[in-house]
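Given the coordinates of chain H, work out where chain V should sit on it, guided by the hints.
Each chain, letter by letter, is given below.
Protein chains: 2
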Amino acid sequence: MTPKLIIADSEKDSNMFYAAGILIPDDFVYLEKNGRKTIYIDDLEYNRAKKEAKVDSVVNYSKYIKGINRDTFGKILINILKDNRIKKVTVPGNFKMKYAKILMDNKIKIEVVEPFFKKREFKNKNEIKKITEVQGVNERTLQVAINIIGKSKIRKDKKLSYQNKILTSEFIKEVIDVEFLKGGCFSEFDIVSCGKDSSDPHNFGTGPLFANQLIVIDIFPRSKTTKYFSDMTRTIVKGKASPEMKKMYDAVLGAQKLALGKIKAGVRADLIHKKVQDYFENKRFKTGEKDGKIQGFFHGTGHGVGLDIHELPNISLGNKKPLKISNVVTVEPGLYYPEIGGVRIEDLVVVTKSGCKNLTKFPKFLEIK
Amino acid sequence: MTPKLIIADSEKDSNMFYAAGILIPDDFVYLEKNGRKTIYIDDLEYNRAKKEAKVDSVVNYSKYIKGINRDTFGKILINILKDNRIKKVTVPGNFKMKYAKILMDNKIKIEVVEPFFKKREFKNKNEIKKITEVQGVNERTLQVAINIIGKSKIRKDKKLSYQNKILTSEFIKEVIDVEFLKGGCFSEFDIVSCGKDSSDPHNFGTGPLFANQLIVIDIFPRSKTTKYFSDMTRTIVKGKASPEMKKMYDAVLGAQKLALGKIKAGVRADLIHKKVQDYFENKRFKTGEKDGKIQGFFHGTGHGVGLDIHELPNISLGNKKPLKISNVVTVEPGLYYPEIGGVRIEDLVVVTKSGCKNLTKFPKFLEIK
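Taken in order, these protein sequences are the chains called H and V.
Residues in the first sequence are numbered consecutively from 3, following this note's numbering.
Residues in the second sequence are numbered consecutively from 3, following this note's numbering.
Okay, chain H solo, but in the shape it has when bound (with noise of 0.2 Å):
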């Protein structure tokens, strides 16, 4: 087996934290060969590595260069590799240029593998529960936000009112964000997007909420300790929605379950989303450019979630193979034209041998009063 390099932070490389199970905010170095991890490390964060790091071993820098600094970081990662007699190495799709350079300069073979640890598409028990725990927390923040949405008062302008001031995208999110860091969980963004603004699949939304007009929700925390996400999606319409909107809900709440109907270990991915396009184009929900706009069907079915929110498998034209057991996906297929609005629909499940099991328990529903 070729040993395996990265080198990159663990904060936002879940790569890395996958590999070394410890949050630090610098790059650093991890190295596997024959099945034996190290980490190499500064003195800033040696101690708490040393405490906190799941590897076999952590080895301060110092050990291969006196004084140093980023400019002698080249001479410590080519000591560490000839110190394990190593010429060649596997790296992740994202390994950085700057560092490739060092090794090339240095005649050790690289090799990209991706996706690089395998096993991050099976998601084990442990990790199954982490992810519905942030589920958890998800659906009771929606719920909360809902339930703002529902008190709300329709003004004669159709837009809402909570607590006598006007009830914007913003103040939901905020509602969202505190209700995330009470479960543990956090997230740099949420969509709240009304109307128009829906009609954008990732559209964050901004200003007032109004009536009679699709709201799209789609939150996606991340838990601060375990780092795991969920992602879901529900869309609503406070007051009356027209007719059309109906007509768009139930297309892809039908659509919807049509996927989660087909989701199966063994089908192929771009099998099922292919499908989803199809029910659409039967129903007449077209799909393509019009007035310089992309309008209709034009995302994935669905992704992986894990440590990152999007990963691997993806449900879409792109991913050939065939869904495996314990993959974690979305199923969120969803509709978008300008004059209407958009409209999506995001569970969680697990691939199973015989199906999926939903981690979304939320109810599905158009209209609330």
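Calculated from the structure, these hints are not laboratory results.
All the pointers check out, no bait thrown in.
Copies of the same chain are indistinguishable here, so a pair counts whether it falls within one copy or spans any two.
For lysine to any residue, the following SDA-like pairs were computed, each having C-alpha atoms within a straight-line distance of at most 20 Å:
| no. | residue 1 | residue 2 |
| --- | --- | --- |
| 1 | LYS229 | GLU172 |
| 2 | LYS248 | ALA213 |
| 3 | LYS52 | HIS204 |
| 4 | LYS100 | ASP11 |
| 5 | LYS229 | ILE130 |
| 6 | LYS153 | PHE367 |
| 7 | LYS53 | GLY294 |
| 8 | LYS14 | HIS312 |
| 9 | LYS322 | THR74 |
| 10 | LYS295 | ILE67 |
| 11 | LYS184 | THR227 |
Coordinates of chain V only, in the frame set by chain H:
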């Protein structure tokens, strides 16, 4: 000028956010040729990018290939470069190997340039305003945290209690996070470490807070909207500090004053750090390994702050270049001894022609009653 190429998401990658001015969670392509800035993107983000991105033009991947998927990204990338008649690109140091491989396989030359956007080291008025705003939130937040510690009671076992509950690091961090949110900021991590924990500079802290022990509070919120960070540390003791703690605190305060006095445009960063090291040595605060643990002063004196919490320039032995006007850097000497704990005091300053402007107004004191 060789064209600039970035392929990254803009949520984690600050160069990409700096270049494109829009938050996008998945990798996309930024190309700058003869000063003209273009981003290339998939259907999912296309509408939003056209509205929000701060570039000259936004091109849909579908211009280059039909039936987009992850397998075809390589073809899209090569077609983009062919279309622009580009045979050589400059890329940032963190450019991903998986993309570099595509370029190399197609005989496109790659030059790694670091720093990629030199301007990021020099903050303009607008950026300093944004950082100052975040620092305002940071100081209001720290005041709330310190007020709670101030109001807490000292139990017989020396644990602090607040509102009849044992006061913990976790509780204070939740308070901090909620205050950040109220100010439109967030933080993935906060350090509130007490006693022995505080002798590890990056120990986040857990469990009860104790009277008569050093408590290090190091907080670094990021604006949810502007994405700029601030960074500040204070060290306090609830109750009575021991003479050793006081000596350490005075030394760190003295070292910070020394560094703040030395900082000005034209002064070499490593020499400032060296002065701080010498100052501690002269005061008989030794640095080095003892009983298998690094002790004393073993991190840099400071680092740049902006769209990244750790960015250039560093004030450390590795940076032999002079500081320049409009650098924004932390000044944060610290001392750490396992038997006593840690002391760190951190301000954020703008380098000026004649010295520096301190953006941190928060008072410095050790004991609170």
